[in-house]
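**Q** Going line by line, the protein sequences match chains P and A. The numbers in the numbering used here rise by one with no breaks, and the one at position 153 of the first sequence is 153. The numbers in the numbering used here rise by one with no breaks, and the one at position 525 of the second sequence is 525.
Just so you know, these hints were derived from the structure itself, not from any lab. Just so it is clear, CB atoms sit at the ideal spot from N, CA and C, and this is done for glycine as well. Treat the hints with care, since some could be wrong.
Derived contacts from chain A toward chain P, CB cut-off under 8 Å, selection only [stated by the list, open to error]:
(1) L51
(2) I175
(3) N183
(4) H246
(5) W249
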Amino acid sequence: MNNETRANNRLMLKKLVVMSLLMFGFGYLLVPLYEKICDVTGLNQVVKADELVNTQVDNSRLITVEFDSNSRGGLWRLSALEKKKKVHPGELIEVMYEIHNPSDFSVTGQAIPSYGPTYASKYIKKLDCFCFKQQEILAGETKKLPVVFVIDSDVPLDVHTITLSFTIFEVEGGRTSSAEG
Amino acid sequence: MEAAHAHEDSHDHAPPSGIVRYLTTTNHKDIGSMYLWFSFTMFLVGGIMALTIRSELFQPGLQLVRPEFFNTMTTLHGLIMVFGAIMPAFVGFANWQIPLMIGAPDMAFPRMNNWSFWLLPPAGMLLIGSLFAPGGGPGAGWTMYAPLTVQQGMGMDLTIFAIHILGMSSIMGSINIVTTILNMRAPGMTLMKMPLFVWTWLITAYLLIAVMPVLAGAVTMTLTDRHFGTHFFNPAGGGDPVMFQHIFWFFGHPEVYIIAIPAFGVVSQVFPAFARKPLFGYASMVYATSSIAILSFLVWAHHMYTVGMPVEAQLYYMFATMLIAVPTGVKVFNWVATIWKGSLTFETPMLFALGFLFLFTLGGFTGLVLSVVPIDVQLHDTYYVVAHFHYVMVAGALFSAFSGVYFWLPKWIGKMYDEKLGKIHFWTSIIFFNVAFFPQHFLGLAGMPRRIPDYSLQFADFNMVSTIGAFGFGISQVFFLYILLKAIKSGEKAPQNPWDGADTLEWTHLPSPAPYHSFEEAPQVK
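Looking at chain A on its own, in the form it has when it is part of the complex:
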C-alpha cells in the first residue's frame, strides 16, 4: 500500500515513465526520492499512532482504546518512526546527496540500491499488517524485551520478520554508501575535503554494518525461542531475559547515533550556508563524530541501570556515558562558532537548523541527567525518558531532516518552496513540539510511568496540554505535505545556487534541478 503511494507521489524528472520505472530504476536520484516519500508516508502512519496514544491520554481513565491496543500503538509507533521514518529519510538524503557532493555519477552498486529500497515497503506492510494478525500486533514495546516477546501472538512473528527485512535493507544500503564514499570520489576530493554530511554518513554506515546484524541476531533468538525450542531468554530452560536487554542495547545505543549523526551532517551543511562562513573546526568535527561513534559501543547498559547490575558496572556506564558529552559538546560549540559573527539570514532551512541546535542540546542535557545512576533509577520508564528521547529524535533528527529537505529541495526539483509557508511550518512545529513534549518532563519527574494507558488524576492537566500540542504538531506536518506539493506543482524556478554561502559540488557544478545523470565526467576538485 505504501509502495503504491511511494511511486505515485514521486516527482518526475526523467525520460521513462510509469510504475515500471520506479520498480526497476537504478538511478540514485529516483531511489533517493522513493526513500524520502516512503519515510514521509511512514511518518504520517506513525504519527496517527502517536495521536491515538495521545488521544487516549487526553484524560485519565480508559476512553478510546483497550490497554492491549494501546500497547500495540506504543510499540508500532516506536518501530515505525525509528525504522520506517527517520532511518529511511536519512538514507534518502544519502542517496541524493552523496554522489552529488563527492562528484560521483551514481552509487557504487545501483542494482543493490534498488533492492535496498524495495525491501522497505514489504517490511512496512508486515509491521502494519501485524495489527490484523490473530492476537493483535506486537505489544512489548519497540525494544521488544523478552520474555513478553516470547509470549505474544503471531503479530510478534510478523514484526520479527519486518525487523529482519529492514535490517537487510539497512546493511545493503550501508555497504553501498561506504563503497561509494571510499571508491567513487572525484579526483582531488580527499577524505578530509569531503563535505561533513558525507563524513557523517561514512561513520553512520559503518555503525549500521556493525550493529544491525546484532539486532538481527537478537530477534532471531527471540524467534527460535518462540518456535524452535531454544531457551536464550526463557528462564524455564535456563535462559535469561536480562541477556536480551544486553544484546538489544548493544545494538540500541549505537542505533540512536545512527539516527543522530546524519542529522549532525545535515546541519553542518546548513549552518555555513546561512552564516556565509566556512564550518568552524572541520577536522575536530570529524574526530568528534568518530569518537561519538566509538564510544556508542561502550555505554549500552545505561539503558538498563535497574536490572540489578553491580555498582561498579553502574559507575563505569555512568562515567562512560558522561564522556560522550565531551565530543557532543565539541560539535555544539563548533556550530555556535560557525554562526558566530556570520552574515546570518533566517530562511526556513536555517530556522530548522537553529531549532535543532537549541532543542537537541536540551535533549542532550536531559540525557546527561538520565546518565546519573541514582537519578535514572528514579526516572527509569517514566515520561521524563519519553520527553528526553523525543527532544533528540524529533527536535533533533526530524528537525534536521526538515532543514535538509528545505535546503536541498531547489536542487532536487528545480523549484523553490514558498518561504512564507515554510516559516509558518517551522514556527507551528517548534511551538507545538514544545507544548507536546515539554510538560512530559514534569510528568516524568512527578512519576508518571510510560506505556500505560491510564494515569492518576494529578497528571491530568499536563497530559491534556501535551495532547493538544501533539495534535498541533501533527497538523503542522500535514501542512508540510501541502508546502511540498505546492512547491512541486507551482514553485518558482530555482537558480543554480539559491543560497549565498553554499559551496559544495551540487551547488557549484550542477544546474537546478540536478540533471538525471550528473557527473558522468568527474569534476576536478581543487
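So here's chain P without its partners, still in its complex pose:
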C-alpha cells in the first residue's frame, strides 16, 4: 500500500465513521420525529379534550360501549361502575370509574385510554375525562372519576360494540407519606 492510498483510506475511514455516528444520532432523532408526526396527524392525542363537531343524535342506532380498566403495578384498583351501556350515537354520556388506594401512602397516577376496535377510536369524542390530568389518590381513599364523551354519529354502520379501556400508571415520585421509607 503506497502512501497516497493510505491517506485516501484514512480520509474514507473518517467520512464513514462520521456517517455511522450521524446515523446513531438519527436513531435518537426518530423519537422527537415520531412524537411530532403523531402530534401533527393527531394520532396519539388521547389525553386531550376533543372538539365536538357533529351534535346530531342518531336515535335509529344503538351501540354497546364496554368499559374496561387495567391497573399497572397492582398497587391500586381501577374499575368501572358500569360494565357496559347501550347508547345512541351523538348522545352525551357520562360514566363513572372508581379507584381505590389500599396502601398507607398517597399515590399519583395517570390514566391512558385505548379503544377497540382501533378504527372506531376517532369517533369517540371525550369532552371531559379523568385522564386529562394526573390524579392524586390519598392513602386509603376511594375516588370517583368521571368520563364524559359522545360517540360521533358518523361512526361506521358496522360498528356495534366499542370498548373503552383505561390503564392507570403510577407517576414516578408521586408517592407521599410519612410511612414511606
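Go by the hints and put chain A onto chain P.
**A** The following block gives chain A in isolation, referenced to the frame of chain P:
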C-alpha cells in the same frame, strides 16, 4: 468457547503457527476463514435451538421444555442465526473474495479487520451466556419489542450488550469493505467492471453503516429504560412501545436486504460460471440492487400493519413494498436469462444456486402476499410468516452461502470437495428444507400463531411433518461439516480454475490455493 473452536478448526496455509497467529493475524484470508468457521459454529448452535423448538412442537401439549425456555429458544435462535451465522458468513466471503476479485493485496485496514472479527466471539458468548443468567435468557423474540424487553431479567442486558458488540463489529467490517472497494481496486478495474459480488457488498456495507447505528440506538434506549429511568418505551412515563417497533424496523427492513444482497452477489458469480455465459444484464443488476437498497429504507412499517396506523399509511407501505418486487423481478429474470441456452453443468455450487433461485423466488412471492394489508392482518404473527422468512433466509441466503463455499473452496484450500457427497448434501438439504417449511404455510393459513409452545389439535399432523423435516435438515448440515473436513484432509488437488466459465481475477491470475500474500503487484485489468 466458540473462539477456541474457530482457531482450532481453521485450516493452515501460512508460515506462522499456533493460536497467536489467529489472535494477531491481519491477513484477509485468515480472517475470512475465521469468520466462516465462527459462523458455521454459530449455525450449529442456532440449529440446536431450532431443533429444541421443533421437538417441543412435534406433538401438541407441553412435553420437553417450559414455555419461558421455549420463548428464550425462539429469541436466541433468531438472534444467533441472523447476527451470528448468516451475517458473519457473508462477511467471511467478503474478506476472502473482495481483495482477490478486485486485485488488492489485502483489506484497507487489516488491523481493524482483526478487531472486527475478534469482537464476534465475546458477543456470541454473551448471547449464549444469557441462558445462564438469573431469570433466564431473553424471551421477547429476536425483534426485542418493548415493553417485554423492559421487564425481562438480566439475560436481556447481556443480549443488549451482545447487540452493541455485534453492531460495532459490523460497522467496522463495513467501513473496511467500502474503503477497500473504493480505494484499492487494481488499475483498470472501474466500478462498472467489478464482479457483481463486489458490487453487492459495496451496497450492503453502506446499508450496514446506515442502519446498524440505529439498532444500537434502539437497544441503548431499551437499556436506559431498564436501568436509568428514561421512558422511551414505557407508557407509564409517557413513552410509547409502538415507537420501538418503528425504530427497530427502520433497521430491521434494510437488515433483511443486508442478508439477501450478498447472497444475490454469490449466485451472480455462480450462474455465469456454470452456464458458461457472461451475466445477463450486468448494469441492470447493479441498478436493481441499488434501488432495492434505497427502497428498503421506505417500507419498514409493513412489519407492523396491526399496530393501528391510519389506512393512508397502510396503503403507502403496501404499495411501496410491492414496488420492491420490480427490481427483485429484474434480478430473477436476469439470472434466468443468464442460464437460458447456456452450456449448463450441474455441479454442487450450481445446484445450490438453482435451489436458491427457485425457493428464494417462492419466498419472495409469499412476501408479496404478506405485503397486502388485509391478508397480512389475517396472517400477522402466524406460521405463514415463519415459512415466508425461512424461505428467504434459509433457502435464499443460506443456500447461496453453501453455493459460494462449494464454488470457492478449491481456491481457498487448493483441494476439491467430493462432488458426489456435495450433491447428496444438496438434495437432502433441499428436500428436508421443504418438508420442514412448506407445511408451515398451511399451518399459518389455518391460524397457528408463532412463538407459542403449544397448539390446537388440528395442527398436529403438519407440525409432526415439519419437525421430521427439520431434523433431516439438521443432520444434512452435520454431513456438510464432514464434506468440508474430508475435502481439507484428503480432497483431490484443485487446478487453478476448476470451473470452465469462471473468469474473475482469483481464477485467472492466482493458483489454487491462493497464496498467503496475493496481488502484491496489482494486476492490470483490461
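**Q** Under the constraints set out in the numbered hints, which ones does this structure not fulfil?
**A** Failing hints, ascending: 1, 5.
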